Amino acid sequence: MSQKKALINGVSGQDGAYLARLLLEKGYELHGTARDAQMSTFYNLQLLGIKEKITFHSVALNDFRSVLQVLAKVQPDEIYNLAGQSSVGLSFDQPVETLESISVGTLNLLEAIRFTGSSIKLYSAGSSECFGNTEGYPADEETPFRPRSPYAVAKATAFWEVANYREAYNLFACTGILFNHESPLRPERFATQKIIRAACRIATGSPEKLHLGNISIARDWGSAEEYVKAMWMMLQQNTPEDFVIATGETNTLEGFVAEAFTCAGLDWHDHVVIDLSLLRPSEIMVSRGKPDKAAEKLGWSARLKMKDVVAMMVEASRAKGTS
Amino acid sequence: MKKALITGITGQDGSYLAELLLDKGYEVHGVKRRASSLNTQRVDHIYQDPHIQNAHFKLYYGDLTDSSNLTRILQEVQPDEMYNLGAQSHVAVSFESPEYTADVDGVGSLRILEAIRLLGLQNKTRYYQASTSELYGLVQETPQKETTPFYPRSPYAVAKLYAYWITVNYREAYGMYACNGILFNHESPRRGETFVTRKITRGLANIAQGLEECLYMGNIDSLRDWGHAKDYVKMQWLMLQQDKAEDFVIATGVQYTVRQFIAWSAEELGITLAFEGEGLEETGRVVSVHGDKAPSVKPGDVLVRIDPRYFRPSEVETLLGDPSKAKEKLGWVPEVSVQEMCAEMVAEDLKIAQRHALLKKHGFELAVAVEN
Chain A
1 MSQKKALING VSGQDGAYLA RLLLEKGYEL HGTARDAQMS TFYNLQLLGI KEKITFHSVA
61 LNDFRSVLQV LAKVQPDEIY NLAGQSSVGL SFDQPVETLE SISVGTLNLL EAIRFTGSSI
121 KLYSAGSSEC FGNTEGYPAD EETPFRPRSP YAVAKATAFW EVANYREAYN LFACTGILFN
181 HESPLRPERF ATQKIIRAAC RIATGSPEKL HLGNISIARD WGSAEEYVKA MWMMLQQNTP
241 EDFVIATGET NTLEGFVAEA FTCAGLDWHD HVVIDLSLLR PSEIMVSRGK PDKAAEKLGW
301 SARLKMKDVV AMMVEASRAK GTS
Chain B
1 MKKALITGIT GQDGSYLAEL LLDKGYEVHG VKRRASSLNT QRVDHIYQDP HIQNAHFKLY
61 YGDLTDSSNL TRILQEVQPD EMYNLGAQSH VAVSFESPEY TADVDGVGSL RILEAIRLLG
121 LQNKTRYYQA STSELYGLVQ ETPQKETTPF YPRSPYAVAK LYAYWITVNY REAYGMYACN
181 GILFNHESPR RGETFVTRKI TRGLANIAQG LEECLYMGNI DSLRDWGHAK DYVKMQWLML
241 QQDKAEDFVI ATGVQYTVRQ FIAWSAEELG ITLAFEGEGL EETGRVVSVH GDKAPSVKPG
301 DVLVRIDPRY FRPSEVETLL GDPSKAKEKL GWVPEVSVQE MCAEMVAEDL KIAQRHALLK
361 KHGFELAVAV EN
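So the sequences go chain by chain: A and B. For the first sequence, counting from 1, position 205 maps to 205 in the numbering used here; every step adds exactly one. For the second sequence, counting from 1, position 163 maps to 163 in the numbering used here; every step adds exactly one.
Bear in mind the hints are in silico, worked out from the structure with no lab data behind them. A quick note: this is a predicted structure, and the numbers were derived from the prediction, not measured. Cβ coordinates follow ideal geometry from the N, Cα and C atoms, glycine included. Be careful, since some hints might not be right.
To be verified - To give an idea of the chain A side of the interface with chain B (calculated C-beta under 10 angstroms), a few residues:
#1 L107
#2 N108
#3 L110
#4 S149
#5 V153
#6 W160
#7 Y165
#8 D270
#9 R280
#10 P281
#11 R318
Bound conformation, chain A alone (with noise of 0.2 angstroms):
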């Protein structure tokens, strides 16, 4: 058999290079985009060690000939579709970008897979933002959308639109509704992230506080790495479906910084400071996830939870600090 052709939208970011570590060491031949090929320095892929492997082209999601374009010229078997603006905080600073980014490209995506008439296979990046305030209850694949924020609201629409395209025209498309999930690529614009550097910070004498806004919401964090594997075997199965792919344990954000503040010797209590501008205007309080079906389905689950998860990220974060 021939070698696999993927390509993956947003191989720039966290999961993008981790997926294409993943598919390089399975021996497909791999291409990536980004907005600006010439113009983005990949520097999670050289982290990797991998950017030398990958070809490389500049996609604009929202521009539907430049998706065909691509699709025309790399003729790939599968495609990750992992791009688009992806903070719920700045989605509300802009949100028709978000929008954009997100919906629209994906629609763009699924008309230029029926477009070109093969038979492509779409994973697509959902996210468990779509199920909003659960009530504390777990949700699984059958689980309401009740979206609280135009990121999350942006995530719905692109999920009805592969299911739909699906139904309609059976495509090869699913999507994957992922919970948190964490790692050494993550950018300081994460919560998560901004935690760990600034503990690792103060525990080598930073006098800094680390202002945080409501921390007893509670999320669901797994690990990057091992999330995107279930990206993979998502389109390996005989039939396109949809999955929910979390740890299945919850976590205050408390917890998270408290295991933090530990793993880098400290007390969070002397260094956190709440500050309430930093809430936002529509805010998830208890993120819960179900992943059974990934379980039975895929022979998948998180072997790493929240306290691993943290730890992986201390230990780079000091990592670089000393490097």
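We have chain A; now place chain B onto it with these hints.
Positioned in the frame of chain A, the structure of chain B alone reads:
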């Protein structure tokens, strides 16, 4: 005097809502799209010459795909109430133009909400979003109410899903008075000619007058909950007069098949139809003709056939709304039954068909536009 701004004012709902609001003493402002031909037929009867002092009805050129244009109109009008009825509103067309549908129906609503925020009007302007029963698509429970989970089945419904949730989000995130009316199918003589009810009443009226021969239909097993648009726009207004913004299902609570709607329409023309055969072979054949409304039809004629071209890539088989909340909280109940509405639509389409038939009889060549 209260001011209202309506997008989609040249459409069925927009024109009825404009009439209602003018009756209530509002100053009504509407957005119409630029077109090479006139597209204001539905509001021509309420148009006021802008040269008249204190005109209470004013139209602006605008487009839901143009943020700066929407922002400017909102700034100029400073409305107390904003009704977003503008949309690419045809389910079948959304499969042909999915991105355009997303841009107008999804991003369009976001553009308005953002413009309201940007202009600092969030405490003044109340926002109504025209949501749709198509959100329920592959229905998760019957009947559908405000708490029923959505399962959209077309690019139209997916775009409207975005609009629904972004409206909820702006209410929750920024405390805006913004709400969704989840309207089940609502029709009238002003319904666009390509929508199924109007296609039926107009098609059969044309056949009755000898202007067309056969009506080609898609899935006539589809079950729908049909009400009169005139009833439904009252509810749109009511929703913006409450103490706090909430979403409501607007429906009649009864459903019928498209086939039943065809049979009623035929009866209004004095034609009794019998449906025979199954699937693609099903036909609607004339059993008897009475009265003088259908001089061109005789027993045995086949007036209805199935054309798979009108099937959709993914169909919505059944929709039935539960309007209990609207009745309980707003005291709203629909006044016109689907049968009365059907009769009104057939009567109006028959008048137009008779006019065309008369012209034809006197030698005027006349092309009747049909969907194909």
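Status of the hints after comparison with the structure:
Interface restraint check for A/L107: the shortest CB-CB distance to chain B comes to about 6 angstroms, inside 10 angstroms, so the restraint holds. With its C-beta approaching chain B no nearer than about 7 angstroms, A/N108 sits inside the 10 angstroms limit, and its interface hint holds. Checking A/L110 against chain B: minimum C-beta separation of about 8 angstroms stays under 10 angstroms; hint holds. Taking 10 angstroms as the C-beta cut-off, the interface hint given for A/S149 holds, the closest approach to chain B being about 7 angstroms.
Interface restraint check for A/V153: the shortest CB-CB distance to chain B comes to about 4 angstroms, inside 10 angstroms, so the restraint holds. Checking A/W160 against chain B by beta carbon gives a least distance of about 4 angstroms; that is within 10 angstroms, so the hint holds. With its C-beta approaching chain B no nearer than about 9 angstroms, A/Y165 sits inside the 10 angstroms limit, and its interface hint holds. Look at A/D270: its Cβ only gets to about 33 angstroms from chain B, farther than 10 angstroms, so that hint breaks.
Interface restraint check for A/R280: the shortest CB-CB distance to chain B comes to about 8 angstroms, inside 10 angstroms, so the restraint holds. A cut of 10 angstroms between beta carbons decides the hint on A/P281: the least distance to chain B is about 3 angstroms, and the hint holds. Look at A/R318: its Cβ only gets to about 37 angstroms from chain B, farther than 10 angstroms, so that hint breaks.
In this structure, the hints that do not hold are numbers 8 and 11, in rising order.
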